[in-house]
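2 protein chains.
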Amino acid sequence: MSSMNKLSATIRSFHSSAARFKKNVEFTAVRYPYLKRGNYSFLSDRHLGFFQSILTPHQVLTDEFNDLSGYNVDWMHSVRGSSRLVLRPKTTEEVGAILQYCNAQNIAVCPQGGNTGLVGGSVPVFDEVIMSLGLMDAVISVDELSGIAIVQAGCVLEKLETILHLNNLTLPLDLGAKGSCQIGGNVATNAGGIRLLRYGNLHGSVLGLTAVLANGQIMDCLSTNKKDNTGYDLKQLFIGSEGTLGVVTQVALHCPSKPTSVQVGFFGINSFDNVLETLRLSKQNLGEILSSCELIDASSLECVTSQLKLKSPVNHFPFYILLETSGSNADHDAEKLNSLLEMLLKNGTIVDGTIAVDSTQATNLWALRERIAEALASEGYVYKYDVSVPIRQFYQLVDVMRARLENLPIRCCGYGHLGDGNLHLNITSQEYSSELLNKIEPFVYDWVSRQRGSVSAEHGLGLKKRDYIEYTKSPTSVHWMRRMKKLFDPNNILNPYKIFPGTLNE
Amino acid sequence: MSSMNKLSATIRSFHSSAARFKKNVEFTAVRYPYLKRGNYSFLSDRHLGFFQSILTPHQVLTDEFNDLSGYNVDWMHSVRGSSRLVLRPKTTEEVGAILQYCNAQNIAVCPQGGNTGLVGGSVPVFDEVIMSLGLMDAVISVDELSGIAIVQAGCVLEKLETILHLNNLTLPLDLGAKGSCQIGGNVATNAGGIRLLRYGNLHGSVLGLTAVLANGQIMDCLSTNKKDNTGYDLKQLFIGSEGTLGVVTQVALHCPSKPTSVQVGFFGINSFDNVLETLRLSKQNLGEILSSCELIDASSLECVTSQLKLKSPVNHFPFYILLETSGSNADHDAEKLNSLLEMLLKNGTIVDGTIAVDSTQATNLWALRERIAEALASEGYVYKYDVSVPIRQFYQLVDVMRARLENLPIRCCGYGHLGDGNLHLNITSQEYSSELLNKIEPFVYDWVSRQRGSVSAEHGLGLKKRDYIEYTKSPTSVHWMRRMKKLFDPNNILNPYKIFPGTLNE
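Going down the list, the sequences are from chains W and C.
Here the first sequence stands for residues -18 to 487, where the numbers follow the working numbering.
Here the second sequence stands for residues -18 to 487, where the numbers follow the working numbering.
Keep in mind that a hint or two might mislead.
Put simply, identical chains are the same to the list, so a pair is met inside one copy or across any two.
List of simulated lysine-lysine pairs, DSBU-like, C-alpha gap at most 35 Å [said to hold, decoys possible]:
(1) K239 - K17
(2) K239 - K327
(3) K420 - K365
(4) K17 - K290
(5) K290 - K239
(6) K327 - K365
(7) K292 - K17
(8) K17 - K467
(9) K467 - K239
(10) K140 - K292
(11) K71 - K327
(12) K292 - K71
(13) K467 - K327
(14) K420 - K327
Please keep in mind that the hints were generated in silico from the structure rather than gathered at the bench.
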């Protein structure tokens, strides 16, 4: 999708020129003054000497102005650490040696993949040593017959996808950031994206992984077996734990057959009840070929068309649905989608709709969904919320926030992965306003909590959302998460300040 | 499938008449004399008094001859405990109260679902108190639109399936034992079955669960969100941990739309290379509608047809493949399967094949696969192995074992879930022979280990396979599993003697 490539290009351009932004991005320690540096060692020449003794010069970056800026700042320029050292291991064993030393020396470590996260999880908060997995980017093996790919953690998602396509396979996940994000980071954050409806999440797709624990121990869970019921499924611990329990260095992924037919439909709908009916009938009639069901509200569409000069083939509705099918027989898929469209038009569930006749049109339709974030950003400051809510309450939160915020923001809109119950609520204002923020938070989390939703559907908690964990998880659950963290990383050297509010002793 | 119902009926008939087998089944403690009872309290009148004070008489079973036999013995009559007490809680809170007391009093507990396991995991080894979940059998809610079902752990799988079908949904798993097995037990053992190829395993399908920890604490992870990245995904710990980390009491399950079209094909194939080519072309051409790809070797087919007087429409081949498709459009699915059959016949990948024209034929074809276990059992003693192996080595193990065992057994055959790399290796002899066993084990585990396979693909470790865990998992992994066990159950009261060899202190 060109829209995705656009986002990837944005992220890449950030990475290559991050140095120039450096001075503009406030240090996290300044912006969040209540954060206190842990009692870790400060980096010494002796420490540096050790790292230089086990790694090549190319793998040890220390130039604050040229080398480190891109690693210390996130791509949204919203958080900034002050690390003085980036280590770039090439093997699992090097990761092990680094962590063993850091654990013994009480040095905090921030593991980093493609640094495309949205919650400040992949950059240091203070002066944590950054461990970048970017040099571990090999695709070790791809097997078409079994659909199994084994890959190093630092492999960029798009690179893996290209190789999979050559083998008639595809990735079970797809993200806007695929040109920059790395599979290890995807696994560590349980990345979601637009194919989750079809292929499920990474807890199902990851067959195995290698992780290095805080003490440097290598945990070999690199199974390629689709079925393996022999003891606890330890790999699951590392999926979505945001680098706080171990560093993922290799991944075995189950990859589905590449669909030979992809179709996109775009519908205008008069009410949210009919949005739900469209979803229901789509699931029933498209069944196994339904691969995306995305909602766009009128305000989101207005923003993306006006700000980015994109054209929508369907207009003047409160809601729009983008449907994608992926299948193995173009004729069958077209027949299914066309008869669905006919049925929806005939029974009045949708009022207007179009189906892309070629891949250019499909790409243009996807752009109306994928470029909303970019369009919103051009309006000024964006308050972004990525929440899961029960499907019938999917849009209520947008209505509730509009009523609450009245004329304070420029815009309050909602879009997202309807089929997965994952709403992106976005509120824009000309510039950051604490008055507006205080009207939104914690109200929004409280509302989601009352619906038993999730305050972070796919972005994770990182630094920015850690204080809201108990809005989604019970105190007992959080208590046991802390105990797990203490078990696996008793000195708390792995990605400190992330996921858990306060300190680990609270 | 009638074949499944047959198995279920077998299991049910066992449960209702288990008492009469009691005397014939050797006590586990006698058969495995190296097992030593842990230093747990012996059940006293005081303990019993406590349980009677918090439960109704109906929930506390103590009659050794009438009540307990079915709970103390597995359905294969291969293990037998000597528990004097079965507790049948009705609520999560009752489970909590029972475990809190047992933990405080140092009483060992064996959680039990439908007791349909194959590795001795669900019956006591010594006198552990049995906690049966059977009275917690409510289907709490089913929502067609979101595909989410919330159900108590003791609900029998078939009952849930019936209710799902009324809501145009289906289960993401299907087992021969579905008439007896319970969803809580399925989750606790990460049950696989014949739909895994299509819908993935329970790590992906379970959205949430409630578990009670060894200390009685209730862990509420009963999320119904498809996406929820807020801290560690604790529910994963309980999936497949065989009741050793906590007792699952409620499950939220993501259920796919019920397919409206199911088709079954049965092919005769001349070589294993062509078996693999059939799998490859089936994945490519059936794509999203492929729901099962099962292998049956000549010896397995010969056994099921001769022992059970079943007729096969295709005969005299070394290999047979049963393919199933599940989809939303019968015409499309038939066209896909027919053109695959044509292609396979034309290019010589298969030599003969048939497609069921109605559900009776489909059921008859499935019986050739599903009733193999029953047919083998009628030959005498069966040495059963359920292993995962890389797809290209799928059948090698059968050849290797045949060469190794020569004329010792009656039969050495292989069948199973080809599409998932899951082989059922079965060896029969007139009666149990330690000479034969010693020729098979540990050789078979060693062979699987060298292929980086799994010594238990879907059956789990339980008691019978616990000694082989390190054939599949690294010492580091097992070490950390033991640490997790100690963290969650420091007194080791939950399902002791299972999963881990030796004692937990080793």
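*Classify it for me, K292 with K17: is the Cα-Cα distance of at most 35 Å met within a copy, between copies, both or neither?*
neither (49 Å within a copy, 75 Å between copies)
*Intra- versus inter-copy proximity for K365 and K327 (alpha-carbon distance at most 35 Å)*: Neither: 37 Å inside a chain and 57 Å across chains, both beyond 35 Å.
*At 35 Å max between alpha carbons, let me know whether K239 reaches K17 within a copy, between copies, both or neither.*
Neither. Shortest intra-copy (48 Å) and inter-copy (53 Å) distances fail the 35 Å Cα cut-off.
*Homo-oligomer pair classification [K290, K17; C-alpha up to 35 Å]*: neither (45 Å within a copy, 76 Å between copies)
*How would you label the pair K71, K327 (within, between, both, or neither) given a Cα cut-off of 35 Å?*
Neither: 59 Å inside a chain and 49 Å across chains, both beyond 35 Å.
*From the Cα coordinates, with 35 Å as the cut-off, is the pair K420 and K327 best called within, between, both, or neither?*
neither (43 Å within a copy, 69 Å between copies)
*Can you give me the call for K140 and K292, within, between, both or neither, at a CA distance of at most 35 Å?*
within (31 Å within a copy, 51 Å between copies)
_Please sort K467 with K327 into within, between, both or neither, judging by C-alpha distance up to 35 Å._
Cα proximity of K467 and K327: none, with 59 Å in one copy and 61 Å across.
_Same-copy or cross-copy closeness of K239 to K327 [CA-CA at most 35 Å]_ = both (33 Å within a copy, 24 Å between copies)
_Intra/inter-copy verdict for K467 and K239 if alpha-carbon distance must be at most 35 Å_ = Cα proximity of K467 and K239: none, with 42 Å in one copy and 44 Å across.
*From the Cα coordinates, with 35 Å as the cut-off, is the pair K290 and K239 best called within, between, both, or neither?*
For K290 and K239, the Cα distance is within 35 Å only inside one copy (33 Å; across copies 42 Å).
*What label fits K17 with K467 when the C-alpha limit is 35 Å: within, between, both, or neither?*
Answer is both; intra-copy 19 Å and inter-copy 32 Å each pass.
The earlier numbered hints that this structure contradicts are 1, 4, 6, 7, 9, 11, 12, 13, 14.
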